[in-house]
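K.L.:
Using the sequences and the hints given, assemble the complete structure.
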Amino acid sequence: MDGDEASFKGEFVEFPASRSWPKPSGRVPVLLGGAPGPTLFASYL
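Residue numbering for the sequence shown follows our numbering, starting at 407 and increasing by one per position.
It is possible that some hints are incorrect.
List of simulated lysine to any residue pairs, SDA-like, C-alpha gap at most 25 Å [what the hints assert, rightly or not]: (1) 415 with 429; (2) 429 with 411; (3) 415 with 436; (4) 415 with 433; (5) 415 with 437; (6) 429 with 413.
Label pairs and their calculated CB-CB ranges [said to hold, decoys possible]: (7) 448 with 415: 25 to 33 Å; (8) 439 with 418: 16 to 24 Å; (9) 412 with 438: 15 to 23 Å; (10) 438 with 418: 15 to 23 Å; (11) 415 with 437: 22 to 30 Å; (12) 443 with 413: 31 to 39 Å; (13) 444 with 420: 28 to 36 Å; (14) 440 with 416: 16 to 24 Å; (15) 436 with 413: 14 to 22 Å; (16) 445 with 411: 30 to 38 Å; (17) 437 with 413: 21 to 29 Å; (18) 412 with 444: 28 to 36 Å; (19) 433 with 413: 17 to 25 Å.
Worth flagging that the hints you see were computed from the coordinates, not collected in a lab. Yeah, the Cβ is synthetic: ideal placement off N, Cα and C, and Gly gets one too.
P.N.:
Set out below in structure tokens:
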């Protein structure tokens, strides 16, 4: 994120402007999850 505040407004959910401190020292990894199976594993490859 580039700014101090983040917000989101979508079709089904809305998050008002919020702040998070302390800021992470590096990039935060994006973790994905789901039920194990060929469809899930195919999306990672």
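K.L.:
Residue 429 and residue 411: Cα distance at most 25 Å?
P.N.:
holds (12 Å)
K.L.:
I want to verify a distance hint. Is the separation of the beta carbons of residue 433 and residue 413 within 17 to 25 Å?
P.N.:
About 21 Å separates the Cβ atoms of residue 433 and residue 413, which means 17 to 25 Å holds.
K.L.:
Check the hint pairing residue 415 with residue 433 against an upper bound of 25 Å on the C-alpha distance.
P.N.:
holds (24 Å)
K.L.:
Below or equal to 25 Å on CA atoms is what counts here, so check residue 415 against residue 436.
P.N.:
Within the cut-off at roughly 20 Å; holds.
K.L.:
Do the Cβ positions of residue 445 and residue 411 conform to the proposed distance bound of 30 to 38 Å?
P.N.:
The hint (30 to 38 Å, Cβ to Cβ) holds, given that residue 445 and residue 411 are roughly 36 Å apart.
K.L.:
For the pair residue 415 and residue 437, does the Cβ-Cβ distance stay inside 22 to 30 Å?
P.N.:
holds (24 Å)
K.L.:
For residue 415 and residue 437, compute the direct alpha-carbon distance and say whether it is at most 25 Å.
P.N.:
Given pair residue 415, residue 437 holds - Cα atoms ~22 Å apart, limit 25 Å.
K.L.:
Evaluate the given range 31 to 39 Å for the C-beta pair formed by residue 443 and residue 413.
P.N.:
For residue 413 against residue 443, whose Cβ atoms are near 35 Å apart, the range 31 to 39 Å holds.
K.L.:
Determine whether the Cβ-Cβ distance between residue 444 and residue 420 falls within the hinted range of 28 to 36 Å.
P.N.:
Holds, at about 35 Å.
K.L.:
Is it true that the C-beta distance of residue 436 to residue 413 lies inside 14 to 22 Å, as the hint says?
P.N.:
Roughly 19 Å apart at Cβ, these two residues keep to the hinted range, so it holds.
K.L.:
When you take the CB atoms of residue 412 and residue 438, is the distance between them in 15 to 23 Å?
P.N.:
holds (20 Å)
K.L.:
Residue 437 and residue 413, beta-carbon distance inside 21 to 29 Å?
P.N.:
holds (22 Å)
Checked against the numbered hints given earlier, this structure breaks none of them.
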